[in-house]
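J.: Sequence:
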Amino acid sequence: MGFDRAKAIDAMGKRSNKIANLISIIGHPLMLGTVYVIFISFYELEQNTAWIISGLIIGLVTVPIIIHNWIKLKNGSYSNFDVSDQQERIGFYPFTIALFTVCFFVFFYFDFPKIVVKTTVFFTLMLCCMAVINFRTKASLHLAIALFIATKILSLSLPLAFIYLAFAFLIGWSRWYLGRHTQEELLIGSIVGGFCGWLAIFF
1 MGFDRAKAID AMGKRSNKIA NLISIIGHPL MLGTVYVIFI SFYELEQNTA WIISGLIIGL
61 VTVPIIIHNW IKLKNGSYSN FDVSDQQERI GFYPFTIALF TVCFFVFFYF DFPKIVVKTT
121 VFFTLMLCCM AVINFRTKAS LHLAIALFIA TKILSLSLPL AFIYLAFAFL IGWSRWYLGR
181 HTQEELLIGS IVGGFCGWLA IFF
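No gaps in the numbering here: position 73 of the sequence shown is 73 in UniProt numbering, and each next residue is one more.
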């Protein structure tokens with residue numbers, strides 16, 4: 001039996017598609033963002049404060065977005081859980097911004113550490129920028145959040161930052177490979193996320 005080049009290419013394509021899907025799921029803003037909040041809270045804050053912040057983010061942001069997207073997906077308003085359609089994101093961003101605004105007021109009212117309040121402000125600013133940009137082009141929220149997080153990791157550990165940035169690159173590749181974003185959309189998301197993350201650290 002001879003080597004079937006077409007089958008080999010097809011098998012490689014299917015394997016690459018599975019890898020891209022896996023990376024995209026791991027790098028999903030909900031998963032990546034939630035894991036980051038839990039990690040950085042326990043890394044930098046007192047244990048009790050870290051538990052409260054982690055619980056608030058999961059309860060006020062992660063779970064509501066999961067329920068919201070699931071309902072929209074089931075009734076046909078969203079074509080996929082990622083909300084990768086530009087028109088569908090017009091309604092998604094205000095909902096998400098509202099959730100983080102609630103988080104800000106909770107953190108501010110109960111006098112949480114300044115870094116928590118400040119980070120929430122600039123993360124919400126990033127979402128507002130992405131919402132405005134979305135009227136013109138569908139910038140990558142995956143990379144915006146990934147690069148927002150990258151700025152913090154850079155301030156903690158350079159070796160860890162290089163590893164994380166390599167993963168962020170793979171997230172970008174996965175979104176491009178799956179046809180969810182163009183290179184321009186990935187670049188715009190990266191710039192917005194990186195800039196707002198930088199403001200959160202150094203402002």
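Fair warning: there could be bad hints in the mix.
Stated by the list, open to error - Pairs of lysine to aspartate or glutamate residues, derived as EDC-like cross-links and limited to a Cα-Cα distance of at most 16 angstroms, are as follows:
1. K152 x D85
2. K114 x E184
3. K72 x E88
4. K118 x E44
5. K74 x E88
6. K72 x D85
7. K114 x E44
To be verified - Label-pair distances were calculated between CB atoms; the ranges are:
8. I71 x K114: 32 to 42 angstroms
9. K114 x I191: 22 to 32 angstroms
10. I25 x P159: 19 to 29 angstroms
11. I90 x L178: 13 to 23 angstroms
12. F135 x P64: 21 to 31 angstroms
13. I25 x F108: 15 to 25 angstroms
14. L156 x I58: 19 to 29 angstroms
15. K118 x I191: 39 to 49 angstroms
16. I191 x I25: 33 to 43 angstroms
Calculated from the structure, these hints are not laboratory results. Backbone N, C-alpha and C fix where the C-beta goes; we use that ideal spot for every residue, glycine too.
J.: Decide, hint by hint, whether the structure agrees.
T.: To see whether the hints hold, each was checked on the structure:
Taken as a hint, the K152 and D85 pair is broken in the structure, with Cα atoms around 29 angstroms apart against an allowance of 16 angstroms. At most 16 angstroms may separate the alpha-carbon atoms for a hinted pair to count; K114 and E184 exceed this at roughly 35 angstroms. Under the criterion of a C-alpha separation no larger than 16 angstroms, the hint pairing K72 with E88 is consistent with the structure, at around 10 angstroms. Among the hinted pairs, K118 with E44 is consistent with the structure: their alpha-carbon atoms are about 15 angstroms apart, no more than 16 angstroms.
For the hint pairing K74 with E88, the CA-to-CA distance comes to about 14 angstroms; that is within 16 angstroms, so the pair holds. For the hint pairing K72 with D85, the CA-to-CA distance comes to about 13 angstroms; that is within 16 angstroms, so the pair holds. With a C-alpha separation of about 12 angstroms, the suggested pairing of K114 with E44 holds against the 16 angstroms cut-off. Remark: the range hint 32 to 42 angstroms for I71 to K114 is upheld by a beta-carbon distance near 36 angstroms.
Checked against the hint of 22 to 32 angstroms, the C-beta distance between K114 and I191 comes to roughly 26 angstroms, which is consistent with it. I25 and P159 have their C-beta atoms about 26 angstroms apart, which keeps the hinted 19 to 29 angstroms range intact. For I90 paired with L178, a C-beta distance near 22 angstroms keeps the hint of 13 to 23 angstroms intact. A hinted range of 21 to 31 angstroms holds for the C-beta pair F135 and P64, which are about 24 angstroms apart.
Judged by the Cβ atoms, the range 15 to 25 angstroms given for I25 and F108 is violated: they are separated by roughly 33 angstroms. As the Cβ distance of L156 to I58 is approximately 23 angstroms, the hint placing it in 19 to 29 angstroms holds. For the hinted restraint 39 to 49 angstroms between K118 and I191, the CB-CB distance of approximately 21 angstroms leaves it violated. Take I191 and I25: their Cβ atoms lie about 24 angstroms apart, and the range 33 to 43 angstroms is violated.
Hint compliance for this structure: hints 1, 2, 13, 15 and 16 are not met, and every other hint is.
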